[in-house]
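Asks: Starting from the given sequences, assemble the full structure and let the hints guide the process.
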Amino acid sequence: MRALPALTSLLLLASLAACTDDAREALRPSKTGCYVGGAGEVHLSAEQASNAATIAAVGIRDGLDERAVAVAITTAMQESELVNVDYGHDDSLGLFQQRPSMGWGSEEELMDPVYSSFKFYEKLQRTDGWEDMRLAEAAQAVQVSAYPELYEQWETDAEVIADAFAGGEETGLACISGNAAEVATEAAALAEAYEYQWGTEVADVDDSRVVIEAGGAAEGWNGAAWAVARAFDHRIASVSYNGMVWTPGEEAWSEPGADAEGEAQIVEVADSTAVIITFSVPE
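With the sequence shown counted from 1, adding 54 to any position gets you the numbering used here.
Heads up, a few of these hints could be off.
Restricting the straight-line Cα-Cα distance to at most 20 Å, the calculated cross-link-like pairs of lysine to any residue (SDA-like) are [as the list claims (entries may be wrong)]:
id, residue 1, residue 2
1, K173, A257
2, K173, E240
3, K173, E249
4, K173, E162
5, K173, G142
6, K173, V198
7, K173, S155
8, K173, S160
9, K173, E191
10, K173, G183
11, K177, L118
12, K177, M165
13, K177, R121
14, K177, A200
15, K177, G159
16, K173, T225
17, K173, T210
18, K177, E249
Since the hints were derived computationally from the structure, they do not count as laboratory data.
Computed from a prediction, not measured in an experiment: that's the story for all the values here.
Replies: See the structure below:
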């Protein structure tokens, strides 16, 4: 590559030296994706977080616990990296790389994360003693993989993710920013997704807000994490629960401010029995 002339190089260095902190900040690429755990131990893309939330919701819906969700997450991280792919070895596809030819379901069914999660849990529950197995061992008992040792590398991350989505960790998930190319802007669309994945209806829905009733702190934080994970696809402006508010940005969850807008938010989050989701208006 041809070197820059000396004068040009000097001018470039001078301009960089004069660059203000604000200008440098503006030049930095914006963060995207989601951070899981109180200290942000695990980073997921928005797509991965959404799929993890679905896996957890189906497990809870079907009466399973955080450990079962951790087994499922361990499996999906190894099989597909939590991405709902339409390809794989032989006829494997979907989050868990299940095979139509092996009786898991049709191609269309297995590309539905709700259905594929249900089928995974169904076999897990038929596995004797899975509760006492390590996560990787339980994953292998369901999947019967040719490479069982590979599941082990995901156990720690899977436990962090399962704690956020199924263990009731307070403010366990924070997503940064961004909107999908095609987003569902209607609150009713999120309410419908919630009913499909959790098997129960939301408490209230109108043009700009969805309210999810929580039977306790763990249930509330699980629902809040599920909602935050949907922010990328549903243009969610805020999620609030138990005195805390999440909005897209690096500051993650926080207590509402004391200004006029913050006072309005305090009313919204005062009731610890409900998760409140608000939507931004499309430009």
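Asks: Against this structure, judge whether each hint is valid.
Replies: Status of each hint after checking the structure:
Among the hinted pairs, K173 with A257 is inconsistent with the structure: their alpha-carbon atoms are about 28 Å apart, more than 20 Å. At most 20 Å may separate the alpha-carbon atoms for a hinted pair to count; K173 and E240 exceed this at roughly 30 Å. A C-alpha spacing of about 18 Å is found between K173 and E249, which places the hinted pair at or below 20 Å, so the restraint holds. Restraint check for K173 and E162: the C-alpha separation of about 14 Å stays at or below 20 Å, so the hint holds.
Among the hinted pairs, K173 with G142 is consistent with the structure: their alpha-carbon atoms are about 18 Å apart, no more than 20 Å. Only pairs whose Cα atoms come within 20 Å are accepted, and K173 paired with V198 is accepted, the gap being roughly 15 Å. A distance of roughly 14 Å separates the Cα atoms of K173 and S155; the hinted pair therefore holds under the 20 Å criterion. Of the pairs offered as hints, the one joining K173 and S160 holds, with about 12 Å between alpha carbons and a cut-off of 20 Å not exceeded.
About 18 Å separates the Cα atoms of K173 and E191, which keeps this hinted pair within 20 Å; it holds. In summary, the hint linking K173 to G183 is supported, as the alpha carbons are separated by about 18 Å, within the 20 Å threshold. With a CA separation close to 13 Å, the supplied pair K177 and L118 stays within the 20 Å bound. Proximity of K177 to M165 is assessed by CA-CA distance (about 18 Å); at most 20 Å being required, the pair is judged to hold.
With a C-alpha separation of about 15 Å, the suggested pairing of K177 with R121 holds against the 20 Å cut-off. In summary, the hint linking K177 to A200 is supported, as the alpha carbons are separated by about 18 Å, within the 20 Å threshold. For the suggested pair K177 and G159, the alpha carbons sit about 13 Å apart, so the restraint of at most 20 Å is met. For the proposed pair K173 and T225, the alpha carbon gap of about 29 Å is over 20 Å, so the pair is violated.
A hinted pair counts as satisfied when its Cα atoms are at most 20 Å apart, and K173 with T210 does not qualify at roughly 24 Å. With a C-alpha separation of about 23 Å, the suggested pair K177 and E249 falls outside the 20 Å cut-off, and the hint is violated.
Hint check: violations occur at hints 1, 2, 16, 17 and 18; the rest are consistent with the structure.
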